[in-house]
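Participant: Below, each chain spelled out in residue letters.
Protein chains: 2
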Amino acid sequence: MPLDLGAKGSCHIGGNVATNAGGIRLLRYGSLRGTVLGLEVVLADGRVLNCLTSMRKDNTGYDLKQLFIGSEGTLGVITAVSILCPRKPKTTNVAFLGCESFAHVLETFRVCKGMLGEVLSAYEFLDNECMKLVQKHLKLNNPLTGSPFYVLIETSGSNAGHDEEKLNNFLEQVVSSSLVIAGTLATDDTKIKALWALRERITEALTHDGYVYKYDISLPVERLYDLVCDTRARLGKSAKNVVGYGHLGDGNLHLNITADSYQQTLLNAIEPFVYEWTAKYQGSISAEHGLGFKKKQQIYYSKPEEAVELMQKLKAMLDPRGILNPYKTLPTRSSH
Amino acid sequence: MPLDLGAKGSCHIGGNVATNAGGIRLLRYGSLRGTVLGLEVVLADGRVLNCLTSMRKDNTGYDLKQLFIGSEGTLGVITAVSILCPRKPKTTNVAFLGCESFAHVLETFRVCKGMLGEVLSAYEFLDNECMKLVQKHLKLNNPLTGSPFYVLIETSGSNAGHDEEKLNNFLEQVVSSSLVIAGTLATDDTKIKALWALRERITEALTHDGYVYKYDISLPVERLYDLVCDTRARLGKSAKNVVGYGHLGDGNLHLNITADSYQQTLLNAIEPFVYEWTAKYQGSISAEHGLGFKKKQQIYYSKPEEAVELMQKLKAMLDPRGILNPYKTLPTRSSH
Numbered sequence: 001m002p003l004d005l006g007a008k009g010s011c012h013i014g015g016n017v018a019t020n021a022g023g024i025r026l027l028r029y030g031s032l033r034g035t036v037l038g039l040e041v042v043l044a045d046g047r048v049l050n051c052l053t054s055m056r057k058d059n060t061g062y063d064l065k066q067l068f069i070g071s072e073g074t075l076g077v078i079t080a081v082s083i084l085c086p087r088k089p090k091t092t093n094v095a096f097l098g099c100e101s102f103a104h105v106l107e108t109f110r111v112c113k114g115m116l117g118e119v120l121s122a123y124e125f126l127d128n129e130c131m132k133l134v135q136k137h138l139k140l141n142n143p144l145t146g147s148p149f150y151v152l153i154e155t156s157g158s159n160a161g162h163d164e165e166k167l168n169n170f171l172e173q174v175v176s177s178s179l180v181i182a183g184t185l186a187t188d189d190t191k192i193k194a195l196w197a198l199r200e201r202i203t204e205a206l207t208h209d210g211y212v213y214k215y216d217i218s219l220p221v222e223r224l225y226d227l228v229c230d231t232r233a234r235l236g237k238s239a240k241n242v243v244g245y246g247h248l249g250d251g252n253l254h255l256n257i258t259a260d261s262y263q264q265t266l267l268n269a270i271e272p273f274v275y276e277w278t279a280k281y282q283g284s285i286s287a288e289h290g291l292g293f294k295k296k297q298q299i300y301y302s303k304p305e306e307a308v309e310l311m312q313k314l315k316a317m318l319d320p321r322g323i324l325n326p327y328k329t330l331p332t333r334s335s336h
Numbered sequence: 001m002p003l004d005l006g007a008k009g010s011c012h013i014g015g016n017v018a019t020n021a022g023g024i025r026l027l028r029y030g031s032l033r034g035t036v037l038g039l040e041v042v043l044a045d046g047r048v049l050n051c052l053t054s055m056r057k058d059n060t061g062y063d064l065k066q067l068f069i070g071s072e073g074t075l076g077v078i079t080a081v082s083i084l085c086p087r088k089p090k091t092t093n094v095a096f097l098g099c100e101s102f103a104h105v106l107e108t109f110r111v112c113k114g115m116l117g118e119v120l121s122a123y124e125f126l127d128n129e130c131m132k133l134v135q136k137h138l139k140l141n142n143p144l145t146g147s148p149f150y151v152l153i154e155t156s157g158s159n160a161g162h163d164e165e166k167l168n169n170f171l172e173q174v175v176s177s178s179l180v181i182a183g184t185l186a187t188d189d190t191k192i193k194a195l196w197a198l199r200e201r202i203t204e205a206l207t208h209d210g211y212v213y214k215y216d217i218s219l220p221v222e223r224l225y226d227l228v229c230d231t232r233a234r235l236g237k238s239a240k241n242v243v244g245y246g247h248l249g250d251g252n253l254h255l256n257i258t259a260d261s262y263q264q265t266l267l268n269a270i271e272p273f274v275y276e277w278t279a280k281y282q283g284s285i286s287a288e289h290g291l292g293f294k295k296k297q298q299i300y301y302s303k304p305e306e307a308v309e310l311m312q313k314l315k316a317m318l319d320p321r322g323i324l325n326p327y328k329t330l331p332t333r334s335s336h
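As given, the protein sequences belong to chains A and B, one line each in that order. Here full-length UniProt numbering is used: position 294 in the first sequence is 294, and no number is missing along the way. Here full-length UniProt numbering is used: position 306 in the second sequence is 306, and no number is missing along the way.
If you are wondering where the hints come from, they were derived from the structure by calculation, not from laboratory data. One thing to keep in mind: the hints can contain errors.
What the hints assert, rightly or not - Short, incomplete list of chain B residues facing chain A, as computed with Cβ under 7 Å:
no.	residue
1	S31
2	R33
3	G34
4	N50
5	K57
6	G70
7	G73
8	K113
9	G157
10	S218
11	V221
12	L235
13	E288
Beta carbons are placed, not taken as given, at the ideal position from N, Cα and C, and that holds for glycine.
Kindly produce the complete structure, drawing on both the sequences and the hints.
Facilitator: Structure below.
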């Protein structure tokens, strides 16, 4: 399956496609826009739209299935999916590394892309604040000595010896050049799962920390962590924790802020600050989660007016009575 | 650049995106639906739609750029493109192999996917009729003794030693099991280009053979060559040559039929036979070339009526006066 994500235990494939889920392997296998080959969709008028091909190439007319991928159920209900699956890799390795600065996380990524190349299947990062939360709330063990930043690198390939050699050459390079100050390697399933848990269970740890303000942002990778630092500085002691983690390889940051309880004043300090900051660097205020109900009014931070107008025309055409997942994704007209 | 195709010397990127071009590396890097990150489009009313992000992930509203990819200029004019480029591979190898049957071509592909895995960047095939045409009309040299089928395999990777070892192990396997009866390997640029020419210059050789009836078909890979055989048997001596080649790794066949000159009776023997045959196996009658002017009436062989109706509504919404590349892609209503 070309898609994998933290919610794999509870999510459904229809929802994954309807929200254009990204997740941890997008770096390797690309987005659902490329891997979904066909869809069956029920339209607002009850008719079934059959675009359920399993061909890799089909240029007969417009690619209608794209309308429904990522439209959050507002244009039709996805009832069947055909998806292109790569071969299951014969071998998987995970390296968990500590870096002294975010600049080193980025430089390690650059070296990694060159030396691991086609076997790289994930490049995730978390800051030390995330690590403290999974240690405190979930009693997970940090296998490294404390570092300001952690990186999880996964390789997946067809030849165990080759992958191991690539990974060892890479580790030698980043350790000897002091880009990485601590590291551990996993080749067996149990340890691989334990390392992934440090990254995948951050969301769960956050829910134990109090009320969570969640942001899912795309930014040019060199700007990614500046947003966390600026938000942390801005909020000061009014927030309990301001943490950053995410799919660095895709330029996707999960910025999360916790407080003992929901506070409107804190929200006012966060928004529109985070959105304006993101818009300034041409980022996306909703990278992989979708706008849903809470963020639909914020669409203009990432999309021009002409685009939103065209989206509203599409909605009116496909769902003239507004019965499909109403009040989601698109802004109410009066708000702008 | 994630896209490469035979027409690289003359095509333009706007046209590539507007026709959702596939080409020889789709197998490795996926379709433009996944690699195009952003577009700037001029709409029918003259307004500029700016969806020119360079973020890998952006789920703020509907993905409008998908409307214009592959719509052949009938919904808007693409004026700028942002595209995700993988690192340039450090090392490239090409193997050119001969097989005794199409079944062996398929079995070789299965072995290849397992043993070359992530370094496989192209799996192309041509039949002996194609080889004879490039020899006759372009004076190209066949480096192998005559075989009924030829396969071109390309690897691209980050470690020359590893890729060579993978390729050698694979070749040993397919030769020792007699899946492959002849083969040659290229690692230097000149020989690599010479081998690729055998595949990429088939179109050119065909134009020297007379009038060419061209079909660009997607089919389940195990059915791919049956269409060539059945067409050849059906047409008998009324055709000069019936040849098959294409992107086997993507299930994409180029079926070409030549005659000394255009004959309506020959066309009547080919169509709708080829389209009906393709529809019977749920294939696509236009895999990577688009319907254009000549094939727009044939859309119903690959798309249901509800889908075409929705496409026509999209066209009416985005181009109410029908001024964008008129008479293309969508069927005229009266014809069905």
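Participant: Any of the earlier hints contradicted here, and which numbers?
Facilitator: 7, 11, 12
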